[in-house]
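Student: Okay, here's what each chain looks like letter by letter:
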Amino acid sequence: MSNQKKRNFQIEAFKHRVVVDPKYAEKTWSVLEHAIHEIYNHNASGLSFEELYRNAYNMVLHKFGEKLYSGLVTTMTAHLKEISKSIEAAQGGLFLEELNRKWNDHNKALQMIRDILMYMDRTYIPNAHKTPVHELGLNLWRDNVIHSSKIQSRLLSMLLELVHKERTGEVIDRGLMRNIIKMLMDLGSSVYQEDFEKPFLEVSAEFYMGESQKFIECCDCGDYLKKAEIRLNEEIERVTHYLDVKSEVKITNVVEKEMIASHMMRLVHMENSGLVNMLLDDKYEDLGRMYNLFRRVPNGLSTIRDVMTSHLREIGKQLVTDAEKLKDPVEFVQRLLDEKDKYDNIISQAFCNDKTFQNALNSSFEYFINLNNRSPEFISLFVDDKLRKGLKGVSEEEVEIILDKVMMLFRYLQEKDVFEKYYKQHLAKRLLSGKTVSDDAERSLIVKLKTECGYQFTSKLEGMFTDMKTSQDTMQGFYSSHLELTDGPTLVVQVLTTGSWPTQPSITCNLPAEMSALCEKFRSYYLGTHTGRRLSWQTNMGTADIKATFGKGQKHELNVSTYQMCVLMLFNNADRLSYKEIEQATGIPASDLKRCLQSMACVKGKNVLRKEPMSKDIGEEDALLVNDKFTSKFYKVKIGTVVAQKETEPEKLETRQRVEEDRKPQIEAAIVRIMKSRRVLDHNNIIAEVTKQLQSRFLANPTEIKKRIESLIERDFLERDNNDRKLYRYLA
Amino acid sequence: MPLVCLSSPEGIEALCSDLGVDYTDVRILMLAWKLKAEKQGYFTQDEWQTGLKALGVDSLTKLKKALPELEKEVEEPSNYEDFYIYAFQYCLTEEKQKSVDIESICELLNLVLGVQFRPQVDSLVEYLKVQNDYKVINADQWINFLRFCKEISFPDLENYDATQAWPLILDNFVEWMREKQS
Numbered sequence: 001m002s003n004q005k006k007r008n009f010q011i012e013a014f015k016h017r018v019v020v021d022p023k024y025a026e027k028t029w030s031v032l033e034h035a036i037h038e039i040y041n042h043n044a045s046g047l048s049f050e051e052l053y054r055n056a057y058n059m060v061l062h063k064f065g066e067k068l069y070s071g072l073v074t075t076m077t078a079h080l081k082e083i084s085k086s087i088e089a090a091q092g093g094l095f096l097e098e099l100n101r102k103w104n105d106h107n108k109a110l111q112m113i114r115d116i117l118m119y120m121d122r123t124y125i126p127n128a129h130k131t132p133v134h135e136l137g138l139n140l141w142r143d144n145v146i147h148s149s150k151i152q153s154r155l156l157s158m159l160l161e162l163v164h165k166e167r168t169g170e171v172i173d174r175g176l177m178r179n180i181i182k183m184l185m186d187l188g189s190s191v192y193q194e195d196f197e198k199p200f201l202e203v204s205a206e207f208y209m210g211e212s213q214k215f216i217e218c219c220d221c222g223d224y225l226k227k228a229e230i231r232l233n234e235e236i237e238r239v240t241h242y243l244d245v246k247s248e249v250k251i252t253n254v255v256e257k258e259m260i261a262s263h264m265m266r267l268v269h270m271e272n273s274g275l276v277n278m279l280l281d282d283k284y285e286d287l288g289r290m291y292n293l294f295r296r297v298p299n300g301l302s303t304i305r306d307v308m309t310s311h312l313r314e315i316g317k318q319l320v321t322d323a324e325k326l327k328d329p330v331e332f333v334q335r336l337l338d339e340k341d342k343y344d345n346i347i348s349q350a351f352c353n354d355k356t357f358q359n360a361l362n363s364s365f366e367y368f369i370n371l372n373n374r375s376p377e378f379i380s381l382f383v384d385d386k387l388r389k390g391l392k393g394v395s396e397e398e399v400e401i402i403l404d405k406v407m408m409l410f411r412y413l414q415e416k417d418v419f420e421k422y423y424k425q426h427l428a429k430r431l432l433s434g435k436t437v438s439d440d441a442e443r444s445l446i447v448k449l450k451t452e453c454g455y456q457f458t459s460k461l462e463g464m465f466t467d468m469k470t471s472q473d474t475m476q477g478f479y480s481s482h483l484e485l486t487d488g489p490t491l492v493v494q495v496l497t498t499g500s501w502p503t504q505p506s507i508t509c510n511l512p513a514e515m516s517a518l519c520e521k522f523r524s525y526y527l528g529t530h531t532g533r534r535l536s537w538q539t540n541m542g543t544a545d546i547k548a549t550f551g552k553g554q555k556h557e558l559n560v561s562t563y564q565m566c567v568l569m570l571f572n573n574a575d576r577l578s579y580k581e582i583e584q585a586t587g588i589p590a591s592d593l594k595r596c597l598q599s600m601a602c603v604k605g606k607n608v609l610r611k612e613p614m615s616k617d618i619g620e621e622d623a624l625l626v627n628d629k630f631t632s633k634f635y636k637v638k639i640g641t642v643v644a645q646k647e648t649e650p651e652k653l654e655t656r657q658r659v660e661e662d663r664k665p666q667i668e669a670a671i672v673r674i675m676k677s678r679r680v681l682d683h684n685n686i687i688a689e690v691t692k693q694l695q696s697r698f699l700a701n702p703t704e705i706k707k708r709i710e711s712l713i714e715r716d717f718l719e720r721d722n723n724d725r726k727l728y729r730y731l732a
Numbered sequence: 001m002p003l004v005c006l007s008s009p010e011g012i013e014a015l016c017s018d019l020g021v022d023y024t025d026v027r028i029l030m031l032a033w034k035l036k037a038e039k040q041g042y043f044t045q046d047e048w049q050t051g052l053k054a055l056g057v058d059s060l061t062k063l064k065k066a067l068p069e070l071e072k073e074v075e076e077p078s079n080y081e082d083f084y085i086y087a088f089q090y091c092l093t094e095e096k097q098k099s100v101d102i103e104s105i106c107e108l109l110n111l112v113l114g115v116q117f118r119p120q121v122d123s124l125v126e127y128l129k130v131q132n133d134y135k136v137i138n139a140d141q142w143i144n145f146l147r148f149c150k151e152i153s154f155p156d157l158e159n160y161d162a163t164q165a166w167p168l169i170l171d172n173f174v175e176w177m178r179e180k181q182s
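Taken in order, these protein sequences are the chains called P and X.
So the first sequence is numbered by the numbering used here: it starts at 1 and just counts up by one.
So the second sequence is numbered by the numbering used here: it starts at 1 and just counts up by one.
I should point out that these hints are in silico values taken from the structure, not numbers from a laboratory.
Just so you know, even glycine gets a beta-carbon here, dropped at the ideal spot from N, CA and C.
Errors might be hidden in some of the hints.
Listed next, with one range per pair, are the computed distances between beta-carbon atoms [said to hold, decoys possible]:
#1 X:182 x P:463: 49 to 59 angstroms
#2 P:703 x X:182: 56 to 66 angstroms
#3 P:699 x X:38: 43 to 53 angstroms
Keeping only pairs whose Cα atoms sit at most 30 angstroms apart, straight-line, the calculated DSSO-like set for lysine-lysine is [unchecked claim]:
#4 P:355 x P:392
#5 P:692 x P:317
#6 X:135 x P:706
#7 X:96 x P:664
#8 P:726 x X:53
#9 P:706 x X:98
#10 P:692 x P:355
#11 P:692 x X:65
#12 X:135 x P:726
#13 X:62 x P:726
#14 P:726 x P:327
#15 P:707 x X:129
#16 P:664 x P:460
#17 P:726 x X:98
#18 P:706 x X:62
#19 P:226 x P:165
#20 X:135 x P:664
#21 P:81 x P:182
#22 X:39 x X:62
#23 X:98 x P:664
#24 P:707 x X:98
#25 P:652 x P:435
#26 X:150 x P:706
#27 X:129 x P:664
#28 X:135 x P:707
#29 P:283 x P:392
#30 X:129 x P:726
#31 P:676 x X:98
#32 P:707 x X:62
#33 X:180 x P:706
#34 X:96 x P:707
Construct the entire structure; sequences and hints are all you get.
Tutor: Rendered as structure tokens:
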């Protein structure tokens, strides 16, 4: 055959109509129908896949797809109805098991059937727009089994019953639940939702409504929250084990609503165990739990925040208005710091450092600190105490921490200029008496104030430090150019630049001769090197160390004020002096003199003088003598002057008045600055801008601003607009 | 007809009696305004002649007859504020003076606003006499008195807003009135 010419074989179609045996379709269908029966009866092993596939293929090919399809539907439906009956017949708990088993069977059968009918699935079905086999199988299951009247409600109630059992603590077959639920999910999300999820959520809502009611009656807040948290976690776990993951947010919403949102106010305000009690007792765990649960519900966190804020404000208000607590400024400020620490801890430990809570804390502190107009003074006194002795022996980091805490309180002050005034006074006293524990700490605080308030705030304070340093140099220069004085009394002068130091009334008294001569020498020396300056001695601010020998030969070194020195030196030339004689000789103002004498004659352990009569107060008819019997354990005796560190009432008034006076030019300067740049501005805007500009120093009073505006109008800096009298215009 | 030169207070007093008008009558003030007289109690020759021309009179009798018309002219809204301000400035007798003492202000208020705003003037005068924040009134405060009478309903003071740009003295006045009323 190898040499024969090759001929292509061509297959031609039959030229006549091929008639297929009409019974062919019937026969073929029966085979397939039989196969389906066998498959459902678990007899598939005897079947030939290839033969069945071919049969189905042929049917479709010969245009019998319709018959095949409808046959499939009918057959499958009949089987499913049978299956349905057997499931219905199952008793009690076996119902779900039977359902599950039959479902698995059906899926397996469906798979095989689909494989057999694959050709139809791919050709006839799309062309005829019919439901594909697999989907058809699911739909038929749904309609004939799940939605059969005897099964549908029974299935749902069984599922819900199992969930309820689990909620009450029983163990259930989770695997079975998972399979059943998965079956519903496979049948379509609408089946899952309608046949299970919706009713599940409703029933859950009822359940939790009851639960929460029961608990709220008998539990305290902390316990209730624990229970709520447990339930919430339970539900989440339930979802991961046997529900659709999309149900998680829905069921947690139900729990949140029923257990938390509905009872939110009652929980927060629960007597003896609510939020306020938790705050007072630093119950971090309970507070943290409350935060985590409440953040899940609308307004949860804002509720906690509001209650915390009003509680804080209440406590703060009590703190700053309690007369008892106000007696000791240092204690007062320490209490404020402690309270702040407490709440800082609560917010960081229990409230996740939530910024909105931090803000609420800050605004509460700002509110009540400024309720007491002595707060600026007290904070300065606290700092004073720390810098005098409180910080002794404290490490550098500790110092920084304490100063930072003070700065934090300072920031809350509305009247920062009042603080500045007191701080200056206290700093002056510290510097002049050499009583500061740490220069570094002083400087560090100045730097912090500068960072906070700008250069202007601290420039004068820095000037004070400079004066102290310069004075040291001046003294060195004085003594090195006056070597003849080294044997006499030692003079130490601090030259204070008037603008930098707190204003003092300049009162001089009559110094003892030796001292006044020495002072004159210093004055000429100083003015010799600094022209155009004027020196005035502040005798009310100085101190002196005197060596004294008493009647029995006791020697002591007395550390006294300048005034006291003047008085004592008089007794070098007289044994007994009347009050009036002392007053005349020294020229010390009466109130100061009385205090001065009192501290030397009426204070135990410091009574270097004796008074006749021996009353407690100094009367103008009294006489004073040296106390020859004076004794003290110490060689060096410090005689302070009877003076209160805290301001007296009239002093307080005076300081406040000065502060008010100082504010006027600042307000005017702000008004002029603003008007100069804006040219024309209406009343409300001026008030707002001026207030904003001055905010870092003090809270400007709108009435005061108005007064200043009127004053500026009178002095022709501003005018009112002719047409709109609410507008002001800058006059160049 | 050239009239007698009235460069003195006595001259003006004489003029007043000739016109049959009291020296303190508001119409004399109105005349001063019309004449644009600069100095209180004096009319210069120039002011007198220019003013009479403006009034369209050349004799005392005609002047007397012209007074009611003058009143009407002053009361016209376009002139009234001008007249009101003039009344204040007329009281600034010293060279650098910017304010007028309370006593005089009270009299001036009576004179100038008394007819149109009697209740306001009575209360305001009473207040000015009892308060002691201010011893004198300046031009800004003066003009705002008129504004007050025109804009603020009285005596209920319903529409007075202290946060607006009213001078402080009026804020205090309103507060005083409200306290009295309660």
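Student: Look at each hint and say if it fits the structure.
Tutor: Results of checking the hints against the structure:
1. For the pair residue 182 (chain X) and residue 463 (chain P), the beta carbons lie near 53 angstroms from each other, so the given range of 49 to 59 angstroms is met.
2. Checked against the hint of 56 to 66 angstroms, the C-beta distance between residue 703 (chain P) and residue 182 (chain X) comes to roughly 21 angstroms, which is inconsistent with it.
3. Here the CB-CB span from residue 699 (chain P) to residue 38 (chain X) is close to 47 angstroms, well matched to the stated 43 to 53 angstroms.
4. This hinted pair does not check out: residue 355 (chain P) and residue 392 (chain P) have alpha carbons roughly 36 angstroms apart, beyond 30 angstroms.
5. Proposed proximity of residue 692 (chain P) and residue 317 (chain P) is supported: the alpha carbons are some 26 angstroms apart, at most 30 angstroms.
6. Among the hinted pairs, residue 135 (chain X) with residue 706 (chain P) is consistent with the structure: their alpha-carbon atoms are about 18 angstroms apart, no more than 30 angstroms.
7. A distance of roughly 25 angstroms separates the Cα atoms of residue 96 (chain X) and residue 664 (chain P); the hinted pair therefore holds under the 30 angstroms criterion.
8. Among the hinted pairs, residue 726 (chain P) with residue 53 (chain X) is inconsistent with the structure: their alpha-carbon atoms are about 39 angstroms apart, more than 30 angstroms.
9. For the suggested pair residue 706 (chain P) and residue 98 (chain X), the alpha carbons sit about 19 angstroms apart, so the restraint of at most 30 angstroms is met.
10. Taking the CA atoms of residue 692 (chain P) and residue 355 (chain P), the gap is near 24 angstroms; set against the 30 angstroms cutoff, the hint holds.
11. With a C-alpha separation of about 61 angstroms, the suggested pairing of residue 692 (chain P) with residue 65 (chain X) is violated against the 30 angstroms cut-off.
12. A threshold of 30 angstroms between alpha carbons decides the hint, and for residue 135 (chain X) with residue 726 (chain P) the separation of about 25 angstroms falls inside it, so the pair holds.
13. Taken as a hint, the residue 62 (chain X) and residue 726 (chain P) pair is broken in the structure, with Cα atoms around 44 angstroms apart against an allowance of 30 angstroms.
14. A hinted pair counts as satisfied when its Cα atoms are at most 30 angstroms apart, and residue 726 (chain P) with residue 327 (chain P) does not qualify at roughly 48 angstroms.
15. Annotation: proposed proximity of residue 707 (chain P) to residue 129 (chain X) holds, straight-line Cα distance about 20 angstroms (limit 30 angstroms).
16. Taking the CA atoms of residue 664 (chain P) and residue 460 (chain P), the gap is near 20 angstroms; set against the 30 angstroms cutoff, the hint holds.
17. At roughly 22 angstroms between alpha-carbon atoms, residue 726 (chain P) and residue 98 (chain X) fall within 30 angstroms of each other, so this suggested pair holds.
18. Of the pairs offered as hints, the one joining residue 706 (chain P) and residue 62 (chain X) is violated, with about 50 angstroms between alpha carbons and a cut-off of 30 angstroms exceeded.
19. The straight-line distance between the Cα atoms of residue 226 (chain P) and residue 165 (chain P) is roughly 21 angstroms, inside the 30 angstroms bound, and the hint therefore holds.
20. Proximity of residue 135 (chain X) to residue 664 (chain P) is assessed by CA-CA distance (about 20 angstroms); at most 30 angstroms being required, the pair is judged to hold.
21. For the suggested pair residue 81 (chain P) and residue 182 (chain P), the alpha carbons sit about 22 angstroms apart, so the restraint of at most 30 angstroms is met.
22. Pair hint residue 39 (chain X) plus residue 62 (chain X) holds up; C-alpha atoms about 24 angstroms apart against a cutoff of 30 angstroms.
23. Distance check on the hinted pair: residue 98 (chain X) and residue 664 (chain P) sit about 22 angstroms apart at the alpha-carbon level, within 30 angstroms; holds.
24. A distance of roughly 17 angstroms separates the Cα atoms of residue 707 (chain P) and residue 98 (chain X); the hinted pair therefore holds under the 30 angstroms criterion.
25. For the hint linking residue 652 (chain P) to residue 435 (chain P), the alpha-carbon distance of about 24 angstroms falls within 30 angstroms, and the restraint holds.
26. Simply put, residue 150 (chain X) and residue 706 (chain P) have alpha-carbon atoms about 22 angstroms apart, close enough for the 30 angstroms limit, and the pair holds.
27. For the hint pairing residue 129 (chain X) with residue 664 (chain P), the CA-to-CA distance comes to about 27 angstroms; that is within 30 angstroms, so the pair holds.
28. Restraint check for residue 135 (chain X) and residue 707 (chain P): the C-alpha separation of about 15 angstroms stays at or below 30 angstroms, so the hint holds.
29. At most 30 angstroms may separate the alpha-carbon atoms for a hinted pair to count; residue 283 (chain P) and residue 392 (chain P) exceed this at roughly 35 angstroms.
30. This hinted pair checks out: residue 129 (chain X) and residue 726 (chain P) have alpha carbons roughly 27 angstroms apart, not beyond 30 angstroms.
31. This hinted pair checks out: residue 676 (chain P) and residue 98 (chain X) have alpha carbons roughly 24 angstroms apart, not beyond 30 angstroms.
32. A threshold of 30 angstroms between alpha carbons decides the hint, and for residue 707 (chain P) with residue 62 (chain X) the separation of about 49 angstroms lies outside it, so the pair is violated.
33. Our distance criterion of 30 angstroms between C-alpha atoms is met by residue 180 (chain X) and residue 706 (chain P), whose separation comes to about 24 angstroms.
34. Pair hint residue 96 (chain X) plus residue 707 (chain P) holds up; C-alpha atoms about 22 angstroms apart against a cutoff of 30 angstroms.
When the structure is compared with the earlier hints, violations turn up for hints 2, 4, 8, 11, 13, 14, 18, 29 and 32 and for no others.
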